[in-house]
Amino acid sequence: MLSPSLCRSVFSITLTIFAAGCLMSDAIAQSLLSPEVHSDGRVTLRLRAEKAMEVEVSLGEKKVPMTKRDKGIWEGTSEPLSPQIYDYTFKVDGTTMIDPSNRQVKKWLTLASMVEIPGTPPRLTEFTDVPHGVVQRLIYPSASVGHSRPVVVYTPPGYESTSDAKYPLVLLLHGYGDDETAWADVGRAHLIADNLIAAGTIEPVIIVMPYGHPVPVVLGERPDNYFGRNNELYEQDITKDLLPFVEQNFHVRNDAAGRSIVGLSMGGGHALDTGLKNIDKFSSIGAFSASTPQLETEALMKQYPSLSGTEPAANSLKHLWIPIGDKDFLLERNDKFVEQLKSAGVKHDYLKTEGGHEWRLWRDYLPQFLAKVAGK
1 MLSPSLCRSV FSITLTIFAA GCLMSDAIAQ SLLSPEVHSD GRVTLRLRAE
51 KAMEVEVSLG EKKVPMTKRD KGIWEGTSEP LSPQIYDYTF KVDGTTMIDP
101 SNRQVKKWLT LASMVEIPGT PPRLTEFTDV PHGVVQRLIY PSASVGHSRP
151 VVVYTPPGYE STSDAKYPLV LLLHGYGDDE TAWADVGRAH LIADNLIAAG
201 TIEPVIIVMP YGHPVPVVLG ERPDNYFGRN NELYEQDITK DLLPFVEQNF
251 HVRNDAAGRS IVGLSMGGGH ALDTGLKNID KFSSIGAFSA STPQLETEAL
301 MKQYPSLSGT EPAANSLKHL WIPIGDKDFL LERNDKFVEQ LKSAGVKHDY
351 LKTEGGHEWR LWRDYLPQFL AKVAGK
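Using this note's numbering, read the sequence shown as starting at 1 and increasing by one per residue.
None of these hints come from the bench; they were simulated from the model. Misleading hints may appear alongside valid ones.
[Said to hold, decoys possible] Derived lysine-lysine pairs resembling DSS-like cross-links, with alpha carbons at most 30 Å apart: (1) Lys376 to Lys302; (2) Lys277 to Lys376; (3) Lys342 to Lys327; (4) Lys63 to Lys281; (5) Lys318 to Lys336; (6) Lys51 to Lys63; (7) Lys302 to Lys281; (8) Lys352 to Lys376; (9) Lys352 to Lys302; (10) Lys376 to Lys281.
[Said to hold, decoys possible] Quick list of the computed label-pair ranges, beta carbon to beta carbon: (11) Pro305 to Tyr159: 36 to 42 Å; (12) Gln136 to His38: 33 to 39 Å; (13) Pro121 to Lys63: 28 to 34 Å; (14) Pro118 to Asp93: 30 to 36 Å; (15) Ile139 to Trp108: 45 to 51 Å; (16) Ile139 to Gly309: 16 to 22 Å; (17) Pro131 to Pro244: 25 to 31 Å.
The C-beta atom is built at its ideal place from N, Cα and C for all residues, glycine as well.
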């Protein structure tokens, strides 16, 4: 027979468990299905906002009308959307917020929720029934920066079972408002690589995605010399700290022919800066919608000697690929840089596609670049 004190303890524990169960049930009851993707590509979004007077939603580049239903639930359904990953945010009485029912979040300087419309057949960004690699977030020491720094590393399917093989290395750099997780979380770089490898389009590669702000991000107005200082320190960090760390811990090739560097926006500028200063370390450079150098030709040649001379050293690159959207705010800047490359006799490929400064393009550019540098 239980003692009175033990009975009280058991009763108390029982009440606690019961209360916790009730709270969990309430939480489940309060949750909403949002987003709901329909078979025809329409998306229904829902938000509980009982006291709100107005709720608006921006899905991609379009507005979705929202109507208040029972129990303070606002609901709206989009027109059919083409297969792609879309960003969206709610605006509740003028205040912008993400979808509290959706765990898929794009982490920029500001946040946005994400929803994917699947394709038939599945797009390269989709999770499919193929062998999958491993994505891990590591910390490496950086003497150049003066403290340890984060990096996300993708290793291909079957990597752990390989002891001697050396894999091509792709350094994949993010944009100004992102961090080292962006290319996996938003760009789906790991799924793109998995699907390309499974299709036999590319050989297995290791993709390294470091954090691109060795100089801390400044909120508000940036100092005029921010990007110059950040470029200089990042180049030192990549060449003197990150590459040695990767080579010591992963089965990667350590020759220029086995290494490529590529990035988007600010990361595209980083790829150009580090790649053109280290032609002996990389065989290919990709600059997606890049923050290209803004220098007059004489200063450009001084900053990047690999672009100068009758036989520019940059012509040893297998690929210098510069794709950008025809509505990108950096288009004029890229046009000027490409004209400087032409005048200097530097071999390159300049591609303009329909679109702006957006992930939709960068997710399409990445498989093209991987096919160039690791294609079978």
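Each hint tested on the structure:
no.: 1; hint: Lys376 to Lys302; result: violated, 37 Å
no.: 2; hint: Lys277 to Lys376; result: holds, 28 Å
no.: 3; hint: Lys342 to Lys327; result: holds, 22 Å
no.: 4; hint: Lys63 to Lys281; result: violated, 47 Å
no.: 5; hint: Lys318 to Lys336; result: holds, 22 Å
no.: 6; hint: Lys51 to Lys63; result: holds, 22 Å
no.: 7; hint: Lys302 to Lys281; result: holds, 20 Å
no.: 8; hint: Lys352 to Lys376; result: holds, 25 Å
no.: 9; hint: Lys352 to Lys302; result: holds, 28 Å
no.: 10; hint: Lys376 to Lys281; result: holds, 22 Å
no.: 11; hint: Pro305 to Tyr159: 36 to 42 Å; result: holds, 37 Å
no.: 12; hint: Gln136 to His38: 33 to 39 Å; result: holds, 35 Å
no.: 13; hint: Pro121 to Lys63: 28 to 34 Å; result: holds, 31 Å
no.: 14; hint: Pro118 to Asp93: 30 to 36 Å; result: holds, 33 Å
no.: 15; hint: Ile139 to Trp108: 45 to 51 Å; result: violated, 23 Å
no.: 16; hint: Ile139 to Gly309: 16 to 22 Å; result: violated, 41 Å
no.: 17; hint: Pro131 to Pro244: 25 to 31 Å; result: holds, 30 Å
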